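**Student:** Below are the chains, spelled out letter by letter.
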Amino acid sequence: MLGNFQPHAGDYVRFLPEILLTAFGIVIMMLEAVSSEKNKLRLGVLSLIGIIAAFFANFWSYSESGPAFQNMIVVDGYGVFFRGLVLIVGFLCVLTSFSYLEREHAQSGEYYALILFSLVGQCVLATSSDLIMVFIGLEISSIATYVLAGFLRDDRRNNESALKYFLLGSFATAFLLYGIAWTYGLIGSTNLEEIRRVLDQGQRPTVLAGLAAGLMFVGFGFKVSIAPFQMWAPDVYQGAAAPVSAFMSTGPKAAAFAVFFRVFMTSFHAINGRWLWLVWGCALASMIIGNFAALVQSNVKRLLGYSSIAHAGYVLVALTAASQIGVAAAMFYLAAYAVMNIGAFAVVSHIAARNERHVKIDDLAGLGRREPATAALLAIFVFSLIGVPLTGGFFAKFYIFQAALNSHLVWLTVLGLVNSAIAAYYYLKIVVAIYMREPSPATEQLPAPSASFRVAIWASALGVLFLGIFPSAVLSFASASASALR
Amino acid sequence: MNLWLIPFFPLIGFLLNGLFGKRLSKSLINMFAIGSVAISLIYIAVLLANIWPINTPYVDHGFTWIQSGFLTVGFDLVVDRLSAVMLLIVAGVGLLIHIYAIGYMEHESGYYRFFSYLNLFMFFMLILVLSANLLLMFVGWEGVGLCSYLLVSFYFLEDYATGAGNKAFIVNRIGDFGFSLGIFLTVVAFKTLDFGKIASAVSTMPVEAGISTVTAITLLLFVGAVGKSAQLPLYVWLPDAMAAPTPVSALIHAATMVTAGVYMIARMSFLYDHAPFAMHLVAILGVLTAIFAATIGMAQMDIKKVFAYSTVSQLGYMFLGVGLGAYSAGIFHLMTHAFFKALLFLGAGSVIHGLSGEQDLRHMGGLRKVMPITCITLAVASLAISGVPGFSGFFSKDAILSAAYAKSQWMFWLGAFTAGITAFYVFRAFFLAFFGEYRGHHHPHESPFIMTVPLIVLALLSAGGGFIPVLGWLSPQYPLMEHESSVAMGISAAFGIIGILIAAFIYVVRPALADRFRTAAGPLYTLVANKYYVDEFYFAFVVRPLEGISRFVLWRGMDETLIDTGMVTGLARTIRGWGSLLRQLQSGSIRNYATWVLAGSLLVIFVLGLVGGGR
Amino acid sequence: MSLLWIVLLLPLAGFFFLLFAPRDSKSPFFITLLATIVTFLFSLELIAPAIGNGAQFSSVIDPVWIHSPGLTIHFHLGVDGINLWLVLLTTLLLPIAVWASELMIKDRPKNFFALLLLFEFGLIGVFTALDLFVFYVFWEVALIPMYLMVGGWARARRGPVAVKFFVYTMLGSVFMLAAIIYLYTQTGSFDFVDIMNAVGSGHVLLSPTQQLLLFLGFFAAFAVKVPIFPLHTWLPDTYTNAPAPATFLLAAVMSKMGAYGLLRYSITIAPTGAHRCASWIIPLAIIGIIYGALLALIQPNIKRLIGYSSISHLGFVVLGIFTFSQQGADGAVYQMIAHGISTGALFLLAGYLEVRRGSMEIADFGGMATPAPGLATAFMIALFASIGLPSLCNFIGEYLVLQGAALTHFSWAVWAAIGVILSAAYMLWMYQRTFFGRARESVASLPDLSGRDWASVVPLILLMVWLGSYTQSFMPPISSATAHLLEQTSMNNEYRVKLAAPKPVQVAEVTNAR
Amino acid sequence: MHVDTVLFVICAIVSILCALNLVVQKHPINSALSLIGVMASLAVLYLLLGAEFIAMAQMIVYGGAVMVLFVFVIMLLNAGGEKASHKSWFAQIAGLPLLLALIGLLAFLIRGVLPPLRDVNFGSWVGGTAEAIGRVLFTEYLLPFEIISVLILIAILGAVVLARKEID
Amino acid sequence: MVPLSWYLLLSAILFVLGVAGFVYRKSVITVFMSIELMLNAVNLSFVAFSYELRRIDGHIYSFFVMVVAAAEAAVGLAIILTIFKNRGTLQIDEVDSMKL
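Residue numbers (this note's numbering), protein chains in the order written: chain A, 1 to 486; chain B, 1 to 615; chain C, 1 to 514; chain D, 1 to 168; chain E, 1 to 100.
Don't read these hints as lab results, they were simulated from the structure. Every value quoted in this text rests on a predicted model; they were computed, and no experiment measured them. All residues carry an ideal CB built from backbone N, CA and C; glycine is no exception. A few of these clues could be false.
Here chain D is said to cover these stretches of chain E; the calculated rule only asks that three of the stretch's residues, wherever they fall, bring their Cβ under 8 Å from a Cβ of chain D [claimed, not checked]:
#, region
1, 24 to 37
2, 81 to 88
Some, not all, of what chain A presents toward chain C, calculated at C-beta under 7 Å [said to hold, decoys possible]:
#, residue
3, Val388
4, Tyr425
5, Tyr435
6, Met436
Generate the whole structure from the sequences, applying the supplied hints.
**Tutor:** Here is the structure:
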């Protein structure tokens, strides 16, 4: 009777990226113990290789797409897209981490291992088709991230950010879990398709479905940091090391959004009349809180933290649209946001000296004169965050709001666009600093940018411009795979 | 024949002198300047001879200037009997004054600049005269204004000169405002700007009783004329314009440009004939200006100012004439006035030249011995302007006054009285300058040959100009009104002679009387001497308020405070305020955050569980 | 390789080429100058086809740019009588700006030249775009380099001024973006030509309400850019503080973006909305004319003064557009070009003054005519062009605009013409205080225009005279294009007004929007 | 009065009281002990619901391992009682009403909206045997079971990274 | 004869008490324990529901929850240790250096 539960090759192919990541993570863990101080770099390279391997495995799994392991996961275009996205995020973050770890004299082995494991969790999230996998994937990615946030255990800001993230994260997870419990009790199953099927029949009391959905909304909303669950984001991003913040604000967030959309667009589609208004409000609130509060920030990391709230709001607009285009738009947006945000954080971590002393906007002053290339790229990232044409940020916003208007969300669109114009104000403070002011002490004694850092920001910049100028490829893939979420 | 060649020659002169004048020798500059005008005068003569007698207007269609929708404006020029007269006046007097200027400007810096400006003026003036449509006329109209500005502020180191220049241009702009509105309304009414087409269109219309389109057009155009020809209330720029070198005053501010208004009305007579109300207004304003300016002229001490006000007054006469429908009379007076007023100015100029810049009558006197030619020519001019029978002024002024005599008595009497005043102040100036003892401290000397020749020529014209049969010549275009009343003749002539006698009595026979009169007049005299304080009035009630409102109400108040600080910065500040309010949520305390999550979860559950309805 | 490709991409190519040029040498200048001049020469080739085609678009390029299920965008560019001269204006003024920058920009010249090229790229794109998406893209692309130029080289208050300029414009343009996307959801296309056909043929019906919203969306962006009173307060700050070449370009070409957009898109796509709003836009335009003039009257700073004067001038353009009359439209377009040249020349000469004196305060000058007669003369000519002296360029535009206004509604012309009086007042007064009078010792030794400087001024002066005295070389394509445009406008308008009475069913209602 | 009613009532009351105690106690150690109480009583309830394995795991994993860890850490850091602080005023003020609202809402949903479920009587269903659990765990839930090992790996790694002393 | 809804009610009460502990306790460790309490409450719901459904997936869930809880405990306590090392306190309100 075990026969029909016997996993066959296809299952492993579909799960290959996670397997590879885990394997590499373990290997790195082992090597860390034996390798000496000077060849730590190898571990980094090794993790890069692991990620690349997983990336190709991801493509392979796409060719074998379908459910695996008794519908615990399902490999579809949607899942593959997000797996690829988080892998790219991981790649860029590892690259940016090289010089950071070197600077802080932190033992790098665990760091890379943790990143890989956290990626495992995010890949699981991206492809999970059962709430149990959602729960476990979320925990894997989160716990790894908690540790990364507090990685420098002697740094008070790291501790604090880790504690805040950990306590509040678990708190929110409890809500999510309670929601899962109710879903289970209501439906009798936790398979996403199954939930949809049952709810579509409509015998179940939609009020309790609403309760379940609401409790899960709290959990997801927290992970993607949308109002009213956004509080933690600025503190944590400010406290954690810049590369980690870059990672947290893009990878886990993208994965959480992936599953957020999957659950609400697939399972709770039947009751979307109940949650659309809520999402509408949360989207607007997130944009307003994020942008307005960012106007008065002077710390770049904290500013980016607030901006990440606002961007989560934009993505939520796509959920409000509740349409194929909306999903595709959200996918594109998260991709664009990932590259531009990592780029920005990377430059910040380059400017910030040991113990991240220089993370104020004023510390960026005169970068344009000291390091023209870095400054130019940072400008590109910032303009993309603003949403200036020919950058990924613009096209992402454009596509999101097109989806919104397709669903007649006129006012949300107008308010969102006005928000993005207001946001320009604080983003431009960065451009003003780097190009229109005299060099600051921070930029005066700037170390030469390391090769890995250069690769990272150039790659991010190219990504931004590619998504902005030739979005067709990504867009087609996104809108094709968006149909996975019926 | 190509009419465009007429203005073309002066343009060439302008370009040559303007571009290269700095490097050219004086003789070359003279050659270009004088030559260009002379050539175009010759060309005019040849042209007129060719198309003689000009029974039908000779139109020369140039290129299309503006073409938009139904509206087409071409660079079209026309010569008819009217513009023929005008052409001769402009080119002829212009030439004389150019020649005179050679002598007058000899020692001035910016010699080439002066002549290039003069040529440019000739160009625009000829365009104005020749133009066959309103817009082209407007080009000349504004162009001569430009030249007047340039020449008035010729001594650009002196603030009074540049100030006068600005005043001249801006006041003219006010007039042109009306003129341009007239143009717009013409297009609205007739869908064209071509004189011929308008005339044929209007000829079918009835004469308007009250105020209606055609009247409105004519009135608006007249506003332009008021500005350009210095009538009430826009005359104020002309006296100041005397800051220009004297030849300029003679050419632009006496003989040609200022008469453009009169020319324009004559040119547009087909419209004015249909707007009796406008005609009446023109006449009234003309006669009022005549007397008003004349009274001021009595009390001026600057010789050029005297003649300036007399110009204003004489222009008033012309407007009276055209306003009464006696277009030919107006044009006739325009011509004679061009002669004798140019002569007056040139004479004054030669006096000033002889006194090396002195203009105040109080520092002259007894000059008849040292500069006889100037004295004699000036005497002729004075007699002419006073309308002494036989001299040119007599015939033209008489033509106008007899028209008035027929049309409206009060205008006639006013005009006649003005004639007396005119005679008085002109001769007052003449006697103060040439009789009595020399009161100045320069060494007067007669002007050089180059200057006196034009004086003599103009003197001959002023004397005999009355016998040029302008009225007859124009009669096909402007039918004569057959009421040569001997009464009017007599009265006006009498007034003139009386005026001369009084002047002679006061300033030659009993010089002491003058001061006694002055003291007796007291406040009245000061009022007049200060030109009725009109300038002060304008400054206090137009210029100052405008500037004050702009600076304090609009700029500081509206623009900076209300819009920029209020709207723009205010909005930004409000948003930032919201921002600093919202950041208070981030108290940094984990427990608060948890409480927020709790609140949020409540909201979510509530909305999802209990509120949301089906979509 | 169509001609328009070359004209569009040459500046961009120059930009990339410049990135690799050595920093501290003359070569950036020469590269930029070469690129811009060659661009200009090629752009001359655009004239013949544009005139030949009359109202239709010529030298069109239309490849697919973005293609994905549910969204296809063509990179559709083309030239007709309206944008032809604007493109040429751009390509002509850029070399002049480069020429002047080499003298006026001493700090990081390479960056400045690079930005100039990027700016030209964006501007040509804005003027030739025939696809609303492409238009918006270029609209912003042109903004960025200008923002960086203003901010990076401003003489004072760099950050604030630049940010104000950027955010102000951005706030306007997002509404346009919303309108563009909304239009797409209604018509299923971003392509201007397609949309006009669909709307004209009645395949797509936009209810008056929708049109109103669309129009206001576009208007918000264009009104800020023009600028229309009371959205103008970014202008004086920016113009005053920006480096001279940037101000020159801002006033000469960039200010045309807004007016061009109004003419090309607002009134054609949403004619009903336009006609409704004309009732309050025209008063605003007239207020702008008089208001700008009155404020120019008392400005203590030359650049600020010219800035306010151009608010006044552009008021004429807006007035002309919203008279919906042939003369008005022609005049508006002509006025755009004329203003570009005359005000451009004024700012250029102001720049030369600034280089010499190091200040723009009128109080710091006085008697400049004595040490610098050439400069004084050139300034005088540009000045008279700008106050609309007949036979110089601005007169034609202003006359036609006012004539159009008079034909539509005479009192508009009356009010607007007041601005003409005031323009003489403020300009001449400024000129008197700056150039006339005895030279103070502070300016007595300043040099006159060098031959090198003349080289940048003379073309402009010649154009002033040419545009003013022989309009036939420019007007015919403009007229035919505007005629076609107005015909579309009125047709669509009547069509909709007819259909609007019983509200079309297939129109997605705006009211059910969340 | 049936026996499992009695048991339920007792355990419910005990668990609620212990939970309350956890919330009101100022010293962590007391809270820890009361939490253990909650867990014990919950274990009984699991038995009543026929979940033998979970009951055992509850006692061993939770009551045993996890809580011991807690107590150990508390002792290690000899964490004293709490000091009063006036930060997080929002929690102090808004906390109680929000909590009451939440419990009210849940109670309403459970009692009012939830359709009637079966009654619990001890022994009527004993599905939760170790064998059954094991079977399902290695068939349907194979992947979660495997992948959760990564979680534990991370936990170990994280604990090591964060808690170990600097060697160098 | 206990209606199952009582169990659910109990779990709800415990859950809310856990939340209360998180909101009101000032010692980091107690706060952490409150989270454990919430997880326990959830477990009760799982088990109760699986009793209703006569299926043991609920048990599997609660088993996984325990594992996760254990893992969280390890990491969480480690984080708390670092906090204590750096700040010498466990007062949660003192950990608010990053705000606004």
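**Student:** Each of the hints needs a verdict: does it hold here or not?
**Tutor:** Against the structure, the hints:
1. 24 to 37: Holds, because 11 residues of the region 24 to 37 of chain E bring their Cβ atoms closer than 8 Å to Cβ atoms of chain D.
2. 81 to 88: Holds, because 3 residues of the region 81 to 88 of chain E bring their Cβ atoms closer than 8 Å to Cβ atoms of chain D.
3. Val388: holds, 5 Å
4. Tyr425: Result: holds, 5 Å to nearest chain C Cβ.
5. Tyr435: holds, 5 Å
6. Met436: holds, 4 Å
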